[in-house]
Every structure is written in C-alpha cells, then in structure tokens.
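**Q** Based on the hints, put chain V with the ligands in the right spot on chain P.
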Amino acid sequence: MKSFDVAVIGGGVLGCFAARNLMRYRLSVVLIETREDVCMEITRANSAIIYAGYDHHPGSLKASLTVRANSSFDDLSRELDVPFSRCGSLMTAYGEQGLSVLRKKLEQGQKNGIPNLRLISGDEAREIEPMLSSSVRYALYAPSTGTVNPWKLGIAAFENARANGCEILLNSPVVSLEKEGGQYRIETADKEIFSKAIINCAGRSAVNIQDMLFPPSVRIRLDGADFYVFDSRSSHPGLILFEETENGKGITAVPCTEGNLLLDSPPRPYAAEYATTSEGLSVIRKEASKLMPSLDFHNVIRSFGGIRVNPETSDGKDIRDFCIQRPEKTFWSLIGVKTPGLTCANELGTLLASDCASVLEAQQNPNFLPERKAIHCSADSPIICQCENIRKAEVQAAILRGAVTFDGIKHRTGCGMGTCQGSRCRYEIEHLLKEKERSHEGTI
Amino acid sequence: MKEQYDVLIIGGGAAGISAAKTLWLSGCRSIAIIEHKPSLGGILLQCAHTGFGAGLDGRDYAETLLMDFPKDIPCFCSTTVIRLFPDRSALLSNGHIIRFRLLILATGCREIPFGSLPVTGTRPSGAFTAGQMQEMINCHHYLPEGPAVILGSGDIGLIMAWQLLELGLKVTVVEKESHMTGLPVNRARLTGRDICFLPGTTILEIKGMPSLSGVTLSDGRFIPCRLLLSAVGLLPQRELLEGRKIPDWILPAGNCSHIHSRIESVIKEGASTAVKVLSLLDRAPSI
Ligand SMILES: Cc1cc2nc3c(=O)[nH]c(=O)nc-3n(C[C@H](O)[C@H](O)[C@H](O)COP(=O)(O)OP(=O)(O)OC[C@H]3O[C@@H](n4cnc5c(N)ncnc54)[C@H](O)[C@@H]3O)c2cc1C
Ligand SMILES: Cc1cc2nc3c(=O)[nH]c(=O)nc-3n(C[C@H](O)[C@H](O)[C@H](O)COP(=O)(O)OP(=O)(O)OC[C@H]3O[C@@H](n4cnc5c(N)ncnc54)[C@H](O)[C@@H]3O)c2cc1C
Chain P
920 MKSFDVAVIG
930 GGVLGCFAAR
940 NLMRYRLSVV
950 LIETREDVCM
960 EITRANSAII
970 YAGYDHHPGS
980 LKASLTVRAN
990 SSFDDLSREL
1000 DVPFSRCGSL
1010 MTAYGEQGLS
1020 VLRKKLEQGQ
1030 KNGIPNLRLI
1040 SGDEAREIEP
1050 MLSSSVRYAL
1060 YAPSTGTVNP
1070 WKLGIAAFEN
1080 ARANGCEILL
1090 NSPVVSLEKE
1100 GGQYRIETAD
1110 KEIFSKAIIN
1120 CAGRSAVNIQ
1130 DMLFPPSVRI
1140 RLDGADFYVF
1150 DSRSSHPGLI
1160 LFEETENGKG
1170 ITAVPCTEGN
1180 LLLDSPPRPY
1190 AAEYATTSEG
1200 LSVIRKEASK
1210 LMPSLDFHNV
1220 IRSFGGIRVN
1230 PETSDGKDIR
1240 DFCIQRPEKT
1250 FWSLIGVKTP
1260 GLTCANELGT
1270 LLASDCASVL
1280 EAQQNPNFLP
1290 ERKAIHCSAD
1300 SPIICQCENI
1310 RKAEVQAAIL
1320 RGAVTFDGIK
1330 HRTGCGMGTC
1340 QGSRCRYEIE
1350 HLLKEKERSH
1360 EGTI
Chain V
13 MKEQYDVLII
23 GGGAAGISAA
33 KTLWLSGCRS
43 IAIIEHKPSL
53 GGILLQCAHT
63 GFGAGLDGRD
73 YAETLLMDFP
83 KDIPCFCSTT
93 VIRLFPDRSA
103 LLSNGHIIRF
113 RLLILATGCR
123 EIPFGSLPVT
133 GTRPSGAFTA
143 GQMQEMINCH
153 HYLPEGPAVI
163 LGSGDIGLIM
173 AWQLLELGLK
183 VTVVEKESHM
193 TGLPVNRARL
203 TGRDICFLPG
213 TTILEIKGMP
223 SLSGVTLSDG
233 RFIPCRLLLS
243 AVGLLPQREL
253 LEGRKIPDWI
263 LPAGNCSHIH
273 SRIESVIKEG
283 ASTAVKVLSL
293 LDRAPSI
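In order, the protein sequence lines correspond to chains P and V. Taking the numbering used here, the leading residue of the first sequence gets 920, the next gets one more, and so forth. Taking the numbering used here, the leading residue of the second sequence gets 13, the next gets one more, and so forth.
The following block holds chain P by itself, in its conformation from the complex:
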C-alpha cells in the first residue's frame, strides 16, 4: 500500500500534462494508466492542430485557454523539445453561407484577441495556398494556427513529470474508488493506493471513474472520425485548411510536422473501436478533391479511425465548453475533453495543478525542471527505418525511455510512419524490444 498527495488517473495527453504541472509544487504524485504505455487512446488519433482560438465564444474557458495556449506554444515546444510548426491556417468557404460562418468566426476571434486574423478573397487565399480550387471564394486566414506532433507532446510531458519525481503506474486499470478516513482508496487490478486528491483524466472512461464515487451528473456520447495520411514525399498544402461547406464543417487538411499530410473527416456516427468507415473515407475523398483538385490519392499511405467523446448533461444536452467536474473539493474530472484538448493540455494541467495545490496548501517546488530533451543521436548508428531515416540508437533510446511496443517506438521516434508503414523495419524493432525484455528478466 502506498500513499500520495495526488493521484492522476489516465495517461493521455491531459493526464500527462496534469502530472507535469503538479510537479511544480511540493506534492507527491502518482500517474495511473491502464495501458502498457501513455498516449495510446484518444490522444493517438487526432488532427494535431494547435488552434488559434476563434471557434469559441468570448468569455468561455475554451476561448481563453486556447488563445493563451497558442501564444505560448513556441515556448512550450522549446521547453519540451517537441516538433511544432506555426504554419497558419485558412478556413475556406465556397459561397455566402460559408462566408457568414467565417464572419462570425472573425468577429469571435477578434473579441478573443487573436492576432492578424483576416477575411480574404478566394484569389488572395490561392496566393497563399496555390493548391486551393478556384471554387473557394472566401477564406479566414489565421497565421497563428500551428501543428504539433501529438504523441511526442504527450510523451514529453510524461517524461518531464517522471524526471521531476512523479511516480508512474502502467498496466494498472483503476477498478474501484472509495473514501476511507478522509482519503481516497484507489484499487487497480493488482494494487491499492491512497491519495488526498484525485485528478481524473481517464478520457472516454472519466465518467465511469467519477460515477464510482458520486451520483451520475453528466454523460458522454461517442462520435467517430476517419483519417487519411499521405506520403511525406507527395505535394500538399503548406498550411492547415478547414473546409466550410454549405452543410457545415467539411474536411481538415494538416501538413504535419513530420512532413505528411493528414486529412480528417467531419464527425460521423461511432463505428467500432478506432475503425475507419467507407462512408467517412469517401466523404474525405470527395471533399478533398473539391478543395484541392490536384491532390493525388495514390499517395495515401494509411487510413485510421478516431473516437470523439462529447460531453452531455444527464438529459442529453451538449456541453459546449470544457467540462471540468468537481463533485468534491479534492476531486476533479475532465469529462469528454475534445477539440481543442490537445492545444490546451498544458493550460488545463496548469489550471488543475494550481487548484489542487491551493486546496492541499502545497508550496512551489523550487527544484522543478521544466525542460526535457528529445531523443537525438549521432550519425554513427545504422539506419533502421529507411522511410524516415531513423537510426538504431534512437530506437534503443526510445526503449530505454519506456517504449514497450512497436507503436510506442513509432510514437517516440517516427519509425514505421513512412511509405512502407513499418514493413521493412518492424521486425528489427520487435527484436530490439524482445532483447530489452529478456535483459530485464535476467536482472530479476
């Protein structure tokens, strides 16, 4: 049995940033995660956008956190050594209906204090992005929008939390919660932990975690999303495109930090776990060809599915803002944090950590180190992933830092993300993983 000041449940991007920011205080913290590694659920399948902040009502938490997060993202990405590109974005419209949406976003954005937001003509938009079709008539240009590698971001926060003394429990699903002697008794599959406070970041399961102790007050509804990834060697737009159609939100196109183009569908009904649907994929094809007629779908190297979690009131009304529940002074739940959750992960973590520190009357931790270094390696190690030119030493470093599966290596190094999708390097990587496992067994 172990006792902590704070238990963070869930190691997605939100849990990792909550843990990182808690370490700024003199608190003992444990991060508890079901899976064998962090960032393996919702965080693994998203659009990687750091939003400018014009999508949200002035005065909302989403608006203020997004604008703040966006303006400090260069610093954050430098601090955590994570690839980030402030590539800008164009929200495009084909007609008057779309234009009215752009106008509303412009007005909202100006109220939210977003710098250099401009409504421009189709021709001006095509000057910025020549791939845009001639049927685009208006666009909202937001130079501050950016894109980050979402896995590297979440994993960087995780590593930073760990380096600052956060305890990590992987392979540990929380199965029950109870109050015992003024503390929380947290039971995982094989352990019992006590804590004075809980920050519940269990993503899709956050509602279930909260319901273990408190009467149900909110619920979630699941939607799906489909994605296409294009080869980094193919030609694609240089900035993010949000398509606004006559029927509402269209597709999103993101030139990722790794050089690939990512296309994602508007929300669609939930299918199976992280599965793509032919309907969703054909919507992307149709809309993408309308938006960028020269885009060549022969360059698609992968498609994958995502899960969108939408928070609702118990009588089924959409909750538009971030849904932070606090059923008790020392218990916080992030319920159904969807877009812009990635953008605001550090801000949400900061917010929760400071609330938590003040309730627990914790002082600042003078030894907190905000910097974390990414994996870098010298040129004398042989190449393992020929598509992305990743070296063996980088893979070995990823293993030392906690990768236990091929996906874990992929998220940390980019191995297997390229044209061949791991068909040339996967075995060698599995081999290195096994070697590590064996050397571990040997030491026990």
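Please keep in mind that the hints were generated in silico from the structure rather than gathered at the bench. As the structure is a computational prediction, the values presented were derived from the model and not from experiment. Quick reminder that beta carbons are idealized off the backbone N, C-alpha and C, glycines included. Check the hints yourself; a few may be wrong.
Unchecked claim - Heads up, simulated EDC-like pairs for lysine to aspartate or glutamate below, C-alpha to C-alpha not over 20 angstroms straight-line:
| id | chain 1 | residue 1 | chain 2 | residue 2 |
| --- | --- | --- | --- | --- |
| 1 | V | 219 | P | 1142 |
| 2 | V | 257 | P | 1215 |
| 3 | V | 280 | V | 75 |
| 4 | P | 1353 | V | 157 |
| 5 | V | 14 | P | 1299 |
| 6 | P | 1311 | P | 1177 |
What the hints assert, rightly or not - The following label-pair restraints were derived from C-beta to C-beta distances:
| id | chain 1 | residue 1 | chain 2 | residue 2 | range |
| --- | --- | --- | --- | --- | --- |
| 7 | V | 179 | P | 1136 | 54 to 64 angstroms |
| 8 | V | 83 | P | 1197 | 55 to 65 angstroms |
| 9 | V | 256 | P | 1297 | 21 to 31 angstroms |
Stated by the list, open to error - Short derived list, chain V residues pointing at chain P, Cβ under 10 angstroms:
| id | residue |
| --- | --- |
| 10 | 60 |
| 11 | 141 |
| 12 | 147 |
| 13 | 218 |
**A** Relative to chain P, chain V with the ligands alone:
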C-alpha cells in the same frame, strides 16, 4: 572509405551484384556498392522456396552468385544512402558524402501495406505484408499463429501460402480475379494441398483491436483469422528520387527498374545496365 568513384551502385541485391561484377570484369575499377543490410544478397536471402535457377532456393542461389564475386570490389554494408544530390553525390547514413560520375540504382522493390489499400476497419497487430512475413520467418525464425488470410494470389502470395502451410497453419487466399495469378511453378507447389482459395472477391474491412479477429470480404463473408498478409503487388523502390524524374546519370536496374518475376532477368538486366554505364562513362563529366 574513398570519397569518389566513377560508378556508385546503391543496393547489393541480385541486380547490384550482377552490375558490379560486369563492371569489374570489364576493367572498370572505380566502383563501390552501398548496401543497407549487413550482407549482400537482397531479397534472395529471405527466400526459402526453390525456384531460382536450377532448383535452388534463394539463399543457395545468392551463395553461388557471390562465389565468384571479385573480393576487391568495395562493399559498404550496414550503410544506407539517405539522399542523392543533383551534383552527383550521395549522403550516406554514416555521414560520408560520396561523389560519383554515374549511379546504378538497384534498390529493389517495396510492397503495398494494408494502410495504403482501400480497406476500412481497424489497424490491429497481426497484419503484415507478405515479404515482411517471409523475412520474419526465414531470417528471424519467427513462428506466426494461424489461421491466416493472404490477399492476392500472385507469386509472393502463393509462395507465402506454401510457407504457412509448411508451418502447419490453416491458409485462405483471397483473389479478386477468377483464378490464381502467380507463375505455374508457384501454383504447382500448392496442388493437392489443403488450402482455401476464394476467387472473385476482395477484403473490404479488417476487424479486431488491438489484435486481429478477421476480415470481411466484398461478398459479405467474414473470415476469422489471426494473421493477415497483403500480397497485392510490388512497386519499384525509388524513394531516393524524391518524386523527381530519373536524370540521365542515374540508371535503375533490377526490381528498381521494373518488377521482375525471374531471377535470370534481374541478373541479365544488372549486366546490361553495366554495359550501358561503360558506354556512357566516356561522355560523363569527370568529378
Ligand atoms: C478525431 C479527433 C481530432 C482531434 N483533433 C484535435 C486537434 O487537432 N487539436 C486539439 O487541440 N485537440 C484535438 N482533439 C482533442 C484531443 O485529441 C483530446 O482532447 C485529447 O487527446 C484528450 O486526451 P485525454 O487525455 O483526455 O484522453 P486519452 O488520450 O484517451 O487518455 C485517457 C487515458 O486514460 C486511461 N484510462 C481510462 N480508463 C482508465 C482507468 N480505469 N484506469 C486508469 N487509466 C484509465 C486510458 O487508457 C487513456 O490512456 C481531437 C480529438 C479527436 C477525437
Ligand atoms: C518475395 C519474392 C520472391 C521471389 N521469388 C522468385 C523465385 O522463386 N524465382 C525467381 O527466379 N525469382 C524470384 N523473385 C524475383 C527475383 O529473384 C528478385 O526480384 C530479385 O532477387 C531482385 O533483385 P534486386 O537486386 O532487384 O532487388 P533486391 O534483392 O530487393 O535488392 C535491393 C537491395 O537494395 C538495398 N537497398 C535499398 N535501398 C537502399 C539504400 N537507400 N541504401 C542502401 N541499400 C539499399 C536493399 O537492402 C536490398 O538489399 C522473387 C522476388 C520476390 C520479391
């Protein structure tokens, strides 16, 4: 490592070996091979099936091919060419830059993974490309678990069907044509074997997460499986060209030029490319 050669050969598979031999025996001594893997041989090293030359398997064939390989030809193995530059130079994984007058691109071919096929559903573990599984089994002693489904009945699909049968797995081959499309020799290996062949259909959806549970076919059938292989064709491996057209100082050979189904034609093309290089060398600019 010298910094410049008249002819640089990227890829030490059958095509690169054959080209290097021909150049050397014709007296062209300023040549080198760069090979990503630890040894020469390329795809031959992962072929445990017979069908190369006079009834040899791929590894034996590679051995005979290398028997009379001139020992003085510089071969840099475990070294990858990362980039090619228009000033006729190549950046290697060890940081060296090699300049050359002509280049033989013998980088072989690549397979098409499920991710790039119009197949919906999940992306579970258990889905591989056929050549990848071939390498895992024959070079790394991996033992896959069945039942297996193979998409495509071309040569590689049929070769893998045979290999998995030999390992005792239950095998289903799905093919969109009405018949097996591989060479007669690869079809013959399967006659009388207990294999389920489903012609005239394809895979629409993959199911199961995180591990594979099966596939749904275009005719609506669901085939449960634990292993899924894509064997739907090969593409010349030309990533080093970064999408550009082939300039006159680069000569592709072997599967990097076009996909060959017989080793004899790869050897022949390696040699003929070398002859062409010799004829171009007089006119090629000096370094
Ligand atoms: C399709 C899509 C696109 C998006 N695009 C963007 C974008 O471009 N920009 C942006 O800012 N945001 C975007 N988002 C939002 C962003 O991805 C999410 O807000 C964020 O990833 C949510 O992270 P999380 O930590 O809450 O969830 P998760 O990553 O799901 O983490 C929750 C973790 O809790 C663990 N867990 C669950 N139950 C338990 C338990 N009982 N015990 C222990 N651990 C448990 C899970 O295993 C998981 O690791 C997008 C979201 C989706 C779905
Ligand atoms: C699975 C399979 C089964 C076959 N079976 C038969 C058969 O039964 N009978 C028959 O006659 N023929 C068969 N063939 C056809 C023929 O034998 C092969 O196509 C032939 O061996 C290919 O030789 P290659 O040199 O073109 O390519 P490869 O053997 O693929 O060689 C290419 C080499 O280039 C290296 N390389 C690639 N990129 C780089 C880089 N950037 N830097 C450095 N090195 C690099 C690779 O590591 C590889 O070693 C088969 C082909 C395949 C694919």
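**Q** Compare the structure with each hint and give your call.
**A** To see whether the hints hold, each was checked on the structure:
no.: 1; hint: 219(V) / 1142(P); verdict: holds, 19 angstroms
no.: 2; hint: 257(V) / 1215(P); verdict: holds, 17 angstroms
no.: 3; hint: 280(V) / 75(V); verdict: holds, 18 angstroms
no.: 4; hint: 1353(P) / 157(V); verdict: holds, 18 angstroms
no.: 5; hint: 14(V) / 1299(P); verdict: holds, 17 angstroms
no.: 6; hint: 1311(P) / 1177(P); verdict: holds, 19 angstroms
no.: 7; hint: 179(V) / 1136(P): 54 to 64 angstroms; verdict: holds, 55 angstroms
no.: 8; hint: 83(V) / 1197(P): 55 to 65 angstroms; verdict: holds, 56 angstroms
no.: 9; hint: 256(V) / 1297(P): 21 to 31 angstroms; verdict: holds, 30 angstroms
no.: 10; hint: 60; verdict: violated, 16 angstroms
no.: 11; hint: 141; verdict: holds, 4 angstroms
no.: 12; hint: 147; verdict: holds, 6 angstroms
no.: 13; hint: 218; verdict: holds, 8 angstroms
Comparing the model with each earlier hint shows a violation of hint 10 alone; every other hint is respected.
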